[in-house]
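Undergrad: Sequence:
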Amino acid sequence: AEAIDIPLLQKETTWDGYEQEFKDAVKSLIPDGVTGMVFGDIYLQEHKDWVERVCRELGIEAIEPLWGQDPERVLLEFIDAGFEATIVSAKSELFDNKWMGQKLDREFLSHLKDNNIDLCGENGEYHTFVTNGPMFQKKIKITKSQPITRDDHWFLDTLEYSL
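Residue numbers (UniProt numbering): 1 to 163.
Just so you know, not all the hints are guaranteed correct.
[What the hints assert, rightly or not] Result set (DSBU-like, lysine-lysine): computed pairs, CA atoms no more than 35 Å apart in a straight line:
#1 K27 with K139
#2 K27 with K141
#3 K23 with K103
#4 K113 with K48
#5 K138 with K27
#6 K48 with K27
#7 K48 with K103
#8 K113 with K27
Just so you know, the hints here were simulated from the structure itself, not pulled from any lab data.
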């Protein structure tokens with residue numbers, strides 16, 4: 001949040017309490033003038049339905065600008081726009097630990113294509129952390145990290161970073 005100069009709203013939650021905690025967090029933003037939320041879903045109808053229902057119940061708009069877009073085009077536009085993202089989580093059945101800490105780039109895209117992995121990780125195949133881009137005031141540099149494994153996933157344990 002500091003890197004793009006916006007406030008950070010962070011809530012601890014569990015799977016069982018997720019929906020209510022999400023609603024409570026969003027409700028806290030409405031007095032500040034929040035009238036909608038932007039989501040990055042591309043084709044998972046179940047998640048889109050959930051987002052739209054929850055937003056409707058809160059009286060705000062669910063905005064889905066990537067919905068129905070071609071995943072490869074989305075990824076290439078992201079890279080070409082100057083965003084930088086680091087791979088921070090991946091299913092261990094699909095990736096080995098060498099990918100933890102690597103950049104989301106054309107080499108990674110080739111790996112996804114070669115292994116028939118969803119290009120945007122829509123089914124949780126991998127997750128990224130955006131570290132730089134056109135809207136950033138400061139770049140986030142991960143200076144010390146290590147891959148760890150838990151629950152059939154690799155994670156990048158970030159030990160040190162700088163702005």
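Undergrad: Taken at face value, is the distance from the CA of K27 to the CA of K113 at most 35 Å?
TA: violated (40 Å)
Undergrad: Mind checking the alpha carbons of K48 and K27 for me, to see if they're no more than 35 Å apart?
TA: holds (19 Å)
Undergrad: Can you confirm whether the C-alpha distance between K113 and K48 stays at or below 35 Å?
TA: Holds - the C-alpha atoms of K48 and K113 are around 25 Å apart, at most 35 Å.
Undergrad: Going straight from one Cα to the other, do K27 and K139 come out at no more than 35 Å?
TA: Distance ~30 Å between K27 and K139 Cα, so the pair holds.
Undergrad: Given the hinted pair K48 and K103, is their Cα-Cα distance within 35 Å?
TA: Distance of about 27 Å is within 35 Å: holds.
Undergrad: Verify the proposed pairing of K138 with K27, using a straight-line Cα cut of 35 Å.
TA: Judged against 35 Å, a Cα distance of about 29 Å means the pair holds.
Undergrad: Below or equal to 35 Å on CA atoms is what counts here, so check K27 against K141.
TA: Roughly 33 Å separates the two Cα atoms, so the pair holds.
Undergrad: Please work out if K23 and K103 have their alpha carbons no farther apart than 35 Å.
TA: holds (33 Å)
Against the hints set out earlier in the document, a violation occurs for number 8 only.
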